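Protein chains: 2
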Amino acid sequence: MNTILNFSKPSLLLDKQRVLYNIQKMAEKARKSGVMFRPHFKTHQSAEIGEWFKQAGVKAITVSSVEMAAYFAAAGWQDITIAVPANVLEAKELDKLAKDNTIGILVDSLESVEFFSKKNKNKLNVWIKVDVGYGRAGIPWNQLQHILELLTVIQQNRNFSFMGILTHSGHTYQASSTENIHHIYAETVSRMQAVQNLILENGIKQCKISIGDTPSCSVENSFTGVDEIRPGNFVFYDLMMLHLGVCKAEDIAMGVVCPVIGKYPHRGETVVYGGGVHFSKEFIANQQGDKLFGIGVERAEKGFLKLREDIRLVSLSQEHGIVRLPDSELAKIKIGDQLVFFPVHACMTANLYDCYNSFDGEKVQRR
Amino acid sequence: MNTILNFSKPSLLLDKQRVLYNIQKMAEKARKSGVMFRPHFKTHQSAEIGEWFKQAGVKAITVSSVEMAAYFAAAGWQDITIAVPANVLEAKELDKLAKDNTIGILVDSLESVEFFSKKNKNKLNVWIKVDVGYGRAGIPWNQLQHILELLTVIQQNRNFSFMGILTHSGHTYQASSTENIHHIYAETVSRMQAVQNLILENGIKQCKISIGDTPSCSVENSFTGVDEIRPGNFVFYDLMMLHLGVCKAEDIAMGVVCPVIGKYPHRGETVVYGGGVHFSKEFIANQQGDKLFGIGVERAEKGFLKLREDIRLVSLSQEHGIVRLPDSELAKIKIGDQLVFFPVHACMTANLYDCYNSFDGEKVQRR
Numbered sequence: 001m002n003t004i005l006n007f008s009k010p011s012l013l014l015d016k017q018r019v020l021y022n023i024q025k026m027a028e029k030a031r032k033s034g035v036m037f038r039p040h041f042k043t044h045q046s047a048e049i050g051e052w053f054k055q056a057g058v059k060a061i062t063v064s065s066v067e068m069a070a071y072f073a074a075a076g077w078q079d080i081t082i083a084v085p086a087n088v089l090e091a092k093e094l095d096k097l098a099k100d101n102t103i104g105i106l107v108d109s110l111e112s113v114e115f116f117s118k119k120n121k122n123k124l125n126v127w128i129k130v131d132v133g134y135g136r137a138g139i140p141w142n143q144l145q146h147i148l149e150l151l152t153v154i155q156q157n158r159n160f161s162f163m164g165i166l167t168h169s170g171h172t173y174q175a176s177s178t179e180n181i182h183h184i185y186a187e188t189v190s191r192m193q194a195v196q197n198l199i200l201e202n203g204i205k206q207c208k209i210s211i212g213d214t215p216s217c218s219v220e221n222s223f224t225g226v227d228e229i230r231p232g233n234f235v236f237y238d239l240m241m242l243h244l245g246v247c248k249a250e251d252i253a254m255g256v257v258c259p260v261i262g263k264y265p266h267r268g269e270t271v272v273y274g275g276g277v278h279f280s281k282e283f284i285a286n287q288q289g290d291k292l293f294g295i296g297v298e299r300a301e302k303g304f305l306k307l308r309e310d311i312r313l314v315s316l317s318q319e320h321g322i323v324r325l326p327d328s329e330l331a332k333i334k335i336g337d338q339l340v341f342f343p344v345h346a347c348m349t350a351n352l353y354d355c356y357n358s359f360d361g362e363k364v365q366r367r
Numbered sequence: 001m002n003t004i005l006n007f008s009k010p011s012l013l014l015d016k017q018r019v020l021y022n023i024q025k026m027a028e029k030a031r032k033s034g035v036m037f038r039p040h041f042k043t044h045q046s047a048e049i050g051e052w053f054k055q056a057g058v059k060a061i062t063v064s065s066v067e068m069a070a071y072f073a074a075a076g077w078q079d080i081t082i083a084v085p086a087n088v089l090e091a092k093e094l095d096k097l098a099k100d101n102t103i104g105i106l107v108d109s110l111e112s113v114e115f116f117s118k119k120n121k122n123k124l125n126v127w128i129k130v131d132v133g134y135g136r137a138g139i140p141w142n143q144l145q146h147i148l149e150l151l152t153v154i155q156q157n158r159n160f161s162f163m164g165i166l167t168h169s170g171h172t173y174q175a176s177s178t179e180n181i182h183h184i185y186a187e188t189v190s191r192m193q194a195v196q197n198l199i200l201e202n203g204i205k206q207c208k209i210s211i212g213d214t215p216s217c218s219v220e221n222s223f224t225g226v227d228e229i230r231p232g233n234f235v236f237y238d239l240m241m242l243h244l245g246v247c248k249a250e251d252i253a254m255g256v257v258c259p260v261i262g263k264y265p266h267r268g269e270t271v272v273y274g275g276g277v278h279f280s281k282e283f284i285a286n287q288q289g290d291k292l293f294g295i296g297v298e299r300a301e302k303g304f305l306k307l308r309e310d311i312r313l314v315s316l317s318q319e320h321g322i323v324r325l326p327d328s329e330l331a332k333i334k335i336g337d338q339l340v341f342f343p344v345h346a347c348m349t350a351n352l353y354d355c356y357n358s359f360d361g362e363k364v365q366r367r
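Sequence order for the protein chains is A and B. Mapping the first sequence onto the numbering used here, position 51 (from 1) lands on 51, and the numbers just tick up by one. Mapping the second sequence onto the numbering used here, position 27 (from 1) lands on 27, and the numbers just tick up by one.
One chain only, chain A, in its complex shape (with noise of 0.2 Å):
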């Protein structure tokens, strides 16, 4: 019996032993390395998801959001953090979270820490968010005064448990290559270890060393150094992560259906129900300056087969997508044929749906 799963809009197509092994992979690394695993919950954004974490052991995560923390939390996640420097205009809905329940604020200025400082009235761990050569949010790691500044108040007030300092380098998104990403990531933990040798010399007993970005994480066998790691999107991997060479196409676990509504033979070209509302406008560009929104995978019953590179989704609209591919491909396609392409950011693309669908039919919620 045939029993591919049939979807006449796009969808969102989940190959959960794909995802468990990424998970189990990922815990087992932390596992060995005597690092805190707390991995990064905006990617899948999934209760139940959430759920095959903790069958792996894990008891903590991170967040982006302080709706996604509620969210987590009412999915009976107790510890967690919010990795983005907090927002004082959403105190209230973080006091309220952090009375029963353990949550991580970040940190970068004065003006934040005095903020929460008078208006927080449950107890907060906070941690000094720093740049190692990011270039977004932080303190640069060379800016000591200032870090030291922070310190100094976070300390004055009971309510604030400093647990240390957090990064993430996300200069690995671009890297060159793996050994670039090697690197950046002996860079970072050497950035970190001169911020948290100066913070130990003060006089202070405790100062973690959190880590994040699923490259680093994804390419280094172990963490020495380092405290806590937070990936979030190697639980899906995708387009991004397997040009940067940090995954295998085998482990890349989550792809879009696309039924398909036009064929163009005189272009090489079908089209596909498919575009910027369903993938995000997110691409990869080649030398030539060609940009690349998903590559074709095959599926079996039970989970995705080959990556079909001559399958490429070069062009998206906000509901159509444009297909290249070969002739003699073209010519077996059916008008209501369904495609499936895995995404450049499975980040940006799960964000656009409600579920995703596993192979065996069951529709796995989102926030």
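Among the hints, a few may not be true.
Since the list gives no way to pick out one identical chain from another, each pair is judged satisfied if it fits inside one copy or across any two copies.
Lysine-lysine pairs mimicking DSS-like chemistry, simulated, CA-CA at most 27 Å apart [claimed, not checked]: (1) K332 x K363; (2) K92 x K121; (3) K119 x K332; (4) K208 x K123; (5) K121 x K334.
Note that these hints are calculated values from the structure, not bench results. It should be emphasised that the depicted structure is a prediction, and the values quoted were computed from it without experimental measurement.
Chain B: place on chain A using the hints.
Here is chain B on its own, set in the frame of chain A:
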């Protein structure tokens, strides 16, 4: 009394007066030209904004999915064109909608026409989708034999009402100047008329011409030779349209409010809570290749004020945005301030929210 609205999270802010002006202006232009105004509702996807169109005399609409058609049918719209090649996998839903409503579909292949010919029990208005040069969907305008073949099959089915030919000159979005848009528009009309003439010469009594893109509909003053226009984006406009020169900054009606969560004076930047999941990853690149994801705009109590080209959203992560601005501006900004940005592509941005907020505090729901 200060009644400036406060938002603790990224939120859509709508200048209703500007929306009403944009609707009125386009409706008036269509009326003067004697063409049917069938606005594309994929941009706003809001039953309430739909009512504002009704008040401007609009009776028929365009959408880009069967789901969207069902939503607007439930909101009282009875004449709806679904302007993507009809999806055979949603034939059942389509047939159901066509029972009580006038539904227009697009076809560009024999496969699809033959499919609906067999499956559809209720009357459908059928448009042949023609490609006049954009290269997305549609039969190329010069494949006349192919068009006639489709027409023959359409004519044989009593449930089909052949309406005419429809195109979307989406290549105007890449135009180098408004001159270039005028050129594409003129070419579009002339190519569509060539197809129309052929069809009429073949004994068909009616063959309307429907065109659609916001750039053409904005820069042209009249639409001689055309029967119907289907612009959508003009309802809000955005930076892409401003960049193309088809609207003024004072026409842009939708912004995204973002709380400031970080300040980095050493880089001349702030970070806001507002990322790719709040704007989409659509960007404009300048000649130096610098990307721009949004531009600041001032707001008063009742509407948007001046565009602030010196306040630029230069990078987006999932939940954060990096804002580059002059030191003098940065010095004035406090953590917790709310910055407002016009988005690059309003359709993609609006799609990420459940509702709009009007300046008088009203929540305008979206699908």
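**Q.** Numbers of unmet hints, in rising order
**A.** 1
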